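Colleague: Single-letter residue listing:
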Amino acid sequence: MTPRRQRMLAVGLAGAGLIIATVLTLRSFEDNMMFFVSPTEVAAGEYPADRTFRIGGLVVDGSVQRVSESLEVAFLVTDRRCEVPISYTGVLPDLFREGQGVVAHGRIEGSDGVFVANKILAKHDENYMAPEVAEAIAAHAADKLATNPVAPCELT
Amino acid sequence: MIPEAGHFALILALSLALCQSVFPLIGAHKNDAGMMQMGRTAALGQFFFVTISFICLTWSFLVSDFSVAYVANNSQLALPDIYKVSAVWGAHEGSLLLWILVLAVWTVLVVRYSRSLPEAFAARVLGVMGLLSVGFMLFTLLTSNPFDRMVPAPLDGADLNPLLQDPGLAIHPPMLYIGYVGFSVAFAFAIAAMLGGDFDQRWARWTRPWTTAAWLFLTIGIALGSWWAYYELGWGGWWFWDPVENASFMPWLIGTALIHSLAVTEKRGLFKSWTLLLAITAFSLSLLGTFLVRSGILVSVHAFATDPERGIFILTFLGIVIIGALGLYAWRAPSLDSQAGFKPMSRETFLLLNNVLLVIAAGLIFLGTMAPLLVEVFGFGKISVGPPWFDIAFALPMVPLTLLIGVGMHTVWRSHPKGTLQRKLRIAAIAAVIAGVVVPWLFYGATGPMVTIGVAAGVWVMLAALIEPTRSLRRQPGTPGLTRSAWGMHIAHFGVGMFTLGVAVVMAYAIETDRALKPGASVNVGGYDFEMRELRDAQGPNYTAREALVEIRKNGSYVGSVRPQKRKYLVQQSPMTEAGIHVRWNNDLFVALGDPLGGESWSVRIQYKPLIRFIWLGCLIMAIGGLVAMTDRRYRRVPAAERQAIDDASKGVEGDEALA
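Chains A and B are the protein sequences, given in the same order. Once you know that position 51 of the first sequence is 190 in the working numbering, the rest is easy, because the numbers rise by one and skip nothing. Once you know that position 44 of the second sequence is 94 in the working numbering, the rest is easy, because the numbers rise by one and skip nothing.
Keep in mind that the hints were calculated from the coordinates and are not lab data. Computed from a predicted structure; not experimentally measured. All C-beta atoms in this analysis are idealised placements derived from N, C-alpha and C, irrespective of residue type, glycine included. Warning: the hint list may mix true and false statements.
[To be verified] Simulated coverage check for chain B against chain A, where a stretch passes if three residues somewhere in it have a Cβ under 8 Å from a Cβ of chain A:
#1 425-434
#2 440-451
#3 562-576
#4 579-586
#5 614-628
[What the hints assert, rightly or not] Facing chain B, a subset of chain A residues (Cβ under 10 Å, in silico):
#6 ARG144
#7 GLN145
#8 LEU157
#9 THR161
#10 LEU163
#11 THR191
#12 ARG193
#13 VAL199
#14 GLY201
#15 ARG205
#16 SER207
#17 LEU231
#18 ARG236
#19 VAL253
Sequences and hints are given; from them, build the entire structure.
Modeller: Here it is as C-alpha cells:
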C-alpha cells in the first residue's frame, strides 16, 4: 500500500466512523438531554410535559412527609416564590435536609402537578448549593425588589 | 515561620524553574554546552526547593497550624495523622502544590535518565518542562497560595471533607497526578523534537517508556477513583460519567492511542506527525482536565465568574500551551514524511484502527462533557447529558475495538501472511461465541444482545491474549520467547478483556434496590436474604455513627455479614454513608444505610453486583502490562552504533566551532 493510499484509507475510515457516530449519537443526544426548570416555571406550566427534566430549589422547612416505615417521601421545593410538590420513593442522599438545596430528576405525572422524581441529588457540601438552584432563587429575589413586583405564585 | 519558609522555597523554586527553562533553550539554540548543562543543575535545585515547600505545608498540617488559612479550612485537631497528610492535597491550593511536586519529580527522572540522549535534545526537553513548572508556580503563587496566613487563627479547623477521609482517596489524587503530569514528558519530547527538527524512530523509542509510565499511573488513578466512588459515595455505582471523571478519562483514551501510535512510529517510522499530535493532545487534555475540575467551570459557567482571577490565568495558560504547541506543530510537522508502505492486512492497519476508534471515543466524551457548557454560554438554557447517552456513545467505538484487539495483536508488521491468523485464532473465536451465548444463560438465567456481545468480546480478548504467552511458556528450551514488550502487550490486553467482561456482566445483571428494613426483618434481593440483626451506636475518632449488622444468607446457609454505617462527622456536622460490602470473586453484595424511617426502620440500599471486581482487576492488570512493557531491555540499552553516532555528532559540532 502506498503512503498516499494509506492516508486515503485512514481519512476514509475516520470520516465514515465519525459520520456514523455523529448521526447515532446526536439522535440519542436529544433523548438524553435534560433541561433544568425552576419551580416558578413549573407553576407557570413552562416545562416539557412529555419527558423528564430537572427541577431544583430549597426543600421547604417542615414539608418533608414520610409514610411511616415506607420508602415513600413527599416534600416541597421552592425558589422562594413558587413551591412544587415532589414525590420520591427510595433512599435520599446524605445531604438532603429541610432548608437545603436539592436537584431532582423526573417528570410531572398526572394532572395534580406532582413532580415524580426518580433521582434526588444533594451536593456533598453544606455551603454548596447547586448553581441552578442558587440562580433560580436569585432571579426571583431580584423580581421581588423590582418596582413592579410580579404576582404571587398561583399553584394549580 | 515554617509556612513562610515554604512560601519562600516555592519562590526560589520558581526562579530556578525560570533558569531551567530559559538557559537550556537558548543553549540548545546557540549550541552552548555550558548553558545546556545549566538546565540539569537548575532542575535538581528546583526539585529540592519544591520538596522543601511541600514538606513545610505537610508539617503545618501535622502540627495543626491553623494560622495557615489552607490548613484551617481543611484540617482539624482530631483528624487522624494519615488524613492530615492527605489533606495537603485535599483542596485546590494544596493539589496545585502536589502537581508542582510531581512535575519536579518527573523532571528529575528525565535529568537522571537522559544521559544517553543528544545534549541539545535533552536540554530542550528540560526547558519545556521548566516552562510548565513556571506556569504552575506562578498560578499557585499569584492566585492560590497555600501558605496564606489567617489572622486571627481559629482554635480548631473546619475539618477535611469527610468524603476525602478514606485511604482510597488519600492515594487517588497522587496517582492521577503522576499520570497527568507524566504526559508532560511526552509533550516536552514532542516540542523538543519539533524545535530541533530531529524527529526520527529513535525519538519514538525514547518517548515510549515515559508515556507508558504516565499511562499506567493514570490507569491506576482512574481505577482507584472509580473504586472509591463505589464504596464511599454510597450509591454503589462504579462510573457516573461525571464531568470530573470524564476529565481524567479523555487524556487516558488519547494516551492509550499515543502508546499504540508510538509503537508504529518506533518500529516502522510511520504516523510521525500523528504521534506528535497525540502527544500534544494527551497533555493538553490533562491540563484542561485539571483546570476544568479546579476552576469549577464544569459545575457552572457562573462558578467560573465568581473567581475571575483564577479563571483568566487558567485560560491564558491553557491558551499559550495549546496554541503554542499546535502552532509549532503546524509549522514543523508538514516536513515529516515517510515513504514506508503497508498492506491492509498488517499490524499497522490494526493500530491505525485502534487510534481512530480511541480518538472517536475521546471526541464523543468531549462532546458530551462540553455540550452543557456551550449550550449555557450561548444562552440556550441549562441542560445536562445523562449517563445513558455516554454509555451508548462509548460502546459504539469500543465494541469494534475489542473485537479488533484480538486479531490485531497477532498480526505482523508490513503484511500479514494469509491463512495463518484463522488457524491461530479459530479456537479462541469459537470459544468466545459459545461463552457469549452460554454464560449469561448458565450463570444468570437470562440474556440479551448487549450482554452476549459484551461477554463474547471480553472472553475473546482474554483468550486471544493468552495464545502467545502460553506458547512462550511451553517453548523448547533455548528457543527465543516473548520480549518484555510483547509480554506487556499481552498482559495489558488480557486486562482489557477482563474489564470488558466485568462491565458487560455488571451492566446486565446488577440489581439495585431500595428497601425498608428494621431489626429482625429481612428482604430477598437477587436470591440472597439480607437480615438486619441489630442496630447500634458506634464511635470513631472524629465521628459518631449508627451501625447496622446485616446477615446475608442464601437458601438458608450463611454467606457473610456486613456492618454498614451512617456516620456523622462532628465538626462539619455532615452525615456520611459508609457502605457494608461483602466481597467475593464473582460478586459483591452491597448494603448502605439510607435514613431512619420512624420506629427502628431504616431505608436501606441493597445491591447485587456480579463480576464488578473484574473491572478494577482488569485495570490493575492493564497497568501491570504497562509496567512490564516499559522495562523492556531495549529502552535501557543504547545500541553501540547509535552511541557512536551521538558522539560523532557532538564531535562534529566541536569541529565546526574550531573551524569557525
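Colleague: All hints, please: hold or fail.
Modeller: Status of the hints after comparison with the structure:
With 4 residues having a Cβ less than 8 Å from any Cβ of chain A, the stretch 425-434 of chain B passes the three-residue criterion, so the hint holds. Residues of the stretch 440-451 of chain B lying with their CB closer than 8 Å to a CB of chain A number 4, which satisfies the three-residue condition for coverage. By the rule of at least three residues with a Cβ nearer than 8 Å to a Cβ of chain A, the coverage given for the stretch 562-576 of chain B holds, with 4 such residues. Counting residues of the stretch 579-586 of chain B whose C-beta sits closer than 8 Å to any C-beta of chain A gives 0, which falls short of three, so the coverage hint is violated.
Counting residues of the stretch 614-628 of chain B whose CB lies closer than 8 Å to any CB of chain A gives 6, which reaches the minimum of 3, so the coverage claim holds. Because the smallest distance between the Cβ of ARG144 (chain A) and any Cβ of chain B comes to about 8 Å, under 10 Å, the interface hint for this residue holds. Of the supplied interface hints, the one on GLN145 (chain A) holds, with its beta-carbon coming within about 7 Å of a beta-carbon of chain B, less than 10 Å. Using the Cβ-Cβ criterion of 10 Å, the hint placing LEU157 (chain A) at the interface with chain B is satisfied: the shortest such distance is roughly 6 Å.
With 10 Å as the threshold, the beta carbon of THR161 (chain A) comes within range of chain B, its nearest partner Cβ sitting at about 9 Å, so the hint holds. Look at LEU163 (chain A): its Cβ gets to within about 6 Å of chain B, closer than 10 Å, so that hint holds up. A least Cβ separation of about 9 Å between THR191 (chain A) and chain B falls short of the 10 Å threshold, and the interface hint therefore holds. A distance limit of 10 Å between C-beta atoms decides the matter here; for ARG193 (chain A) the minimum to chain B is near 7 Å, and the interface restraint holds.
Annotation: interface hint on VAL199 (chain A) violated; nearest CB of chain B at approximately 18 Å, more than 10 Å. For GLY201 (chain A), the interface hint is violated, since its Cβ never comes within 10 Å of a Cβ in chain B; the closest pair sits about 16 Å apart. Residue-level restraint check for ARG205 (chain A) holds (minimum Cβ-Cβ distance to chain B is 6 Å; threshold 10 Å). The beta carbon of SER207 (chain A) is positioned within 10 Å of a beta carbon in chain B (closest approach about 4 Å), and the interface hint is therefore held.
The beta carbon of LEU231 (chain A) comes within 6 Å of a beta carbon in chain B, closer than 10 Å, and the hint placing it at the interface holds. For the restraint placing ARG236 (chain A) at the interface with chain B, the shortest Cβ-Cβ distance is roughly 9 Å, inside the 10 Å limit, so the hint holds. With a least beta-carbon distance of about 19 Å to chain B, the hint placing VAL253 (chain A) at the interface is violated under the 10 Å criterion.
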